[in-house]
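Engineer: Each chain, letter by letter, is given below.
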Amino acid sequence: MASNSPSDTQEIDPVVVCKNVNVFYGDKQAINNISLDILPKTITAFIGPSGCGKSTFLRALNRMNDTIEGCRMEGEILIDNTNIYHPDIDVVPLRARVGMVFQKPNPFPKSIFDNVAYGPKIHGLAKTNAELADIVENALRGSGLWEEVKDRLDQPGTGLSGGQQQRLCIARTIAVAPEIILMDEPCSALDPIATAKIEALMTDLAKDFTIIIVTHSMQQAARVSKKTAFFHLGDLIEYDNTETIFTNPTDSKTQDYITGRFG
Amino acid sequence: MSNDHILGTYDEELTNLQILITKMGNECAEMIRQAIDCVINNDSNAAKQVVSRDKLINAINAEITVLSQNVIALRSPMANDLRLILTIFQNALNLERTGDLAKNIAKIIVKNDLVIDASARDKLEKLSDAVLQNLTDVITAFNGLDEAKAQTIFDADKLVDDLHDDFSSSLMLRIKNDDAHSETVMHLLFISRHLERIGDHAKNIAEATIYAVSGEINQLDEFDDVQFEALLNA
Ligand SMILES: Nc1ncnc2c1ncn2[C@@H]1O[C@H](COP(=O)(O)OP(=O)(O)O)[C@@H](O)[C@H]1O
Ligand SMILES: [Mg+2]
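Sequences listed follow chains A and B, in order.
Residue 220 in the numbering used here is what sits at position 220 of the first sequence, and the numbering runs on without skipping anything.
Residue 1063 in the numbering used here is what sits at position 63 of the second sequence, and the numbering runs on without skipping anything.
Calculated directly from the structure, the hints in this document are not laboratory data.
Quick caveat: nothing in here was measured; it's all calculated off a predicted structure.
Don't be surprised by glycine CBs; every beta carbon is placed ideally from N, CA and C.
Among the hints, erroneous ones may be present.
Now the in silico label distances, taken between C-beta atoms and shown as ranges [said to hold, decoys possible]:
(1) A:ARG72 to B:ASN1233: 58 to 64 Å
(2) A:TYR25 to B:ASN1016: 18 to 24 Å
(3) B:ASP1161 to A:ASN33: 51 to 57 Å
(4) B:GLY1144 to A:ARG72: 32 to 38 Å
(5) A:THR82 to B:GLY1144: 27 to 33 Å
(6) A:GLU74 to B:LYS1158: 56 to 62 Å
(7) A:ASN241 to B:LEU1159: 36 to 42 Å
(8) B:GLU1030 to A:ASP251: 37 to 43 Å
(9) A:ASP251 to B:GLU1147: 39 to 45 Å
(10) A:PRO109 to B:ASN1016: 53 to 59 Å
(11) B:ASN1016 to A:ASP151: 29 to 35 Å
(12) B:THR1009 to A:THR203: 53 to 59 Å
(13) B:LYS1158 to A:GLU243: 44 to 50 Å
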């Protein structure tokens, strides 16, 4: 079975430690006993054929699976040494700490400003309106959107282009100062230019945040991530430096998948 | 290895490249064989034909460059496929050099009349047989991605080096003794050296074969960090 911590980076303490994670939908097991460490301020990519459990595993990292009827989880996920499945854990602050960006950009039917301000407001991050405006501006700058929208903050977020909407969702996520950002195929609805902008943004964001991205594009994983985990039928097959995964993977299943031989 | 991609045309492209590099290798071996025959028979007409054969090898090399470029640009090869393309490209360069060396040997015969005695002929034949054996073995090893067979080339190349040393020291001795055919002796020294270089190219292809199969780069192990540092700063 795959090593859960890439060898050359063992001296860095992981920010997420997953221990023997199993996830079930009713009787059906979707994740089989996966242990895996995520390094801080690093982009980690999850790849693998559709249905292999990438999204399920990603959602386990901020307990989004809790919202799915019949979904059950076993094992431990520690973030900064705290088990996020401990009964005392409140999922609302957890999901601010571990934010999520989805495949389809999903701005609220509100103004650009309100889309970004919503999170900081409900988490009480701003004492004054001026502080709130600062947070919104910083988040929009952080997502590379500020210059494009600063003159129309009161207009609806849904009026932006697909790529801009996705960057608005990223601004919304970083506005609550998360530690970790989960992204589930964030570019699959975007054109190549908008995709390139998000990829460049991810690289910038990785200076401040830990990013985990699920992607069906191996080229995207190769372009942006430092670590890559390959999943197959609910198993973690291989987890290593991205360079190693794409040049000389250890497992023949990984090799068959990345070279286009899977069948 | 290249017969089960989801995309069939990708398989065909890889197979084509494998066929081309094998063909190029066989052409080079044949060219070297003919160049040595020209030396032994002192046949300048045949030598002219060998010289012109180099064009064919250059043409195959050009075709390999274009096909490798297209596969890299259009298929984004990964892992073992990527290593295969890189090594085919690299092997083509090594083979192209062996073609040049065979051409150089043939050119000597186009321009000069050599007088080769039985002893020189015997040493030349032993050396060229060993070199050709290595080259054909390594072409087979690469074609079959046969790592074990590729490993045998390294020891076999030591034999080539010994035969080259033996031949060239016998020639040096003749120079020392004021041999009457000093020009022949000098040209034979070049020929021996060219054959030894062809052996080195075969060794490079053996290393490439191992890399293609395993991803391991042999030569890196020959340096320790200090030596490597010294080399980089040289
Ligand atoms: N809400 C759900 N209810 C039941 N089964 C699900 C649900 N979501 C995913 N699954 C199943 O779990 C497995 C893993 O799915 P998923 O995590 O979406 O894979 P991926 O993201 O790698 O495509 C699949 O077999 C899928 O059918
Ligand atoms: Mg998914």
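Engineer: Does each hint fit the structure? Answer for all of them.
Structural biologist: Checked hints:
1. A:ARG72 to B:ASN1233: 58 to 64 Å: 60 Å, holds
2. A:TYR25 to B:ASN1016: 18 to 24 Å: 46 Å, violated
3. B:ASP1161 to A:ASN33: 51 to 57 Å: Roughly 55 Å apart at Cβ, these two residues keep to the hinted range, so it holds.
4. B:GLY1144 to A:ARG72: 32 to 38 Å: Roughly 51 Å apart at Cβ, these two residues miss the hinted range, so it is violated.
5. A:THR82 to B:GLY1144: 27 to 33 Å: Violated, at about 55 Å.
6. A:GLU74 to B:LYS1158: 56 to 62 Å: Holds, since GLU74 (chain A) and LYS1158 (chain B) (Cβ atoms, about 59 Å apart) stay within the stated range.
7. A:ASN241 to B:LEU1159: 36 to 42 Å: Holds, since ASN241 (chain A) and LEU1159 (chain B) (Cβ atoms, about 41 Å apart) stay within the stated range.
8. B:GLU1030 to A:ASP251: 37 to 43 Å: At roughly 42 Å between Cβ atoms, ASP251 (chain A) and GLU1030 (chain B) fall inside 37 to 43 Å, so the hint holds.
9. A:ASP251 to B:GLU1147: 39 to 45 Å: 19 Å, violated
10. A:PRO109 to B:ASN1016: 53 to 59 Å: For ASN1016 (chain B) against PRO109 (chain A), whose Cβ atoms are near 55 Å apart, the range 53 to 59 Å holds.
11. B:ASN1016 to A:ASP151: 29 to 35 Å: At 57 Å between Cβs, range violated.
12. B:THR1009 to A:THR203: 53 to 59 Å: Violated, since THR1009 (chain B) and THR203 (chain A) (Cβ atoms, about 34 Å apart) do not stay within the stated range.
13. B:LYS1158 to A:GLU243: 44 to 50 Å: At 35 Å between Cβs, range violated.
Hints 2, 4, 5, 9, 11, 12, 13 from the list above are not met by this structure, while the remaining hints are.
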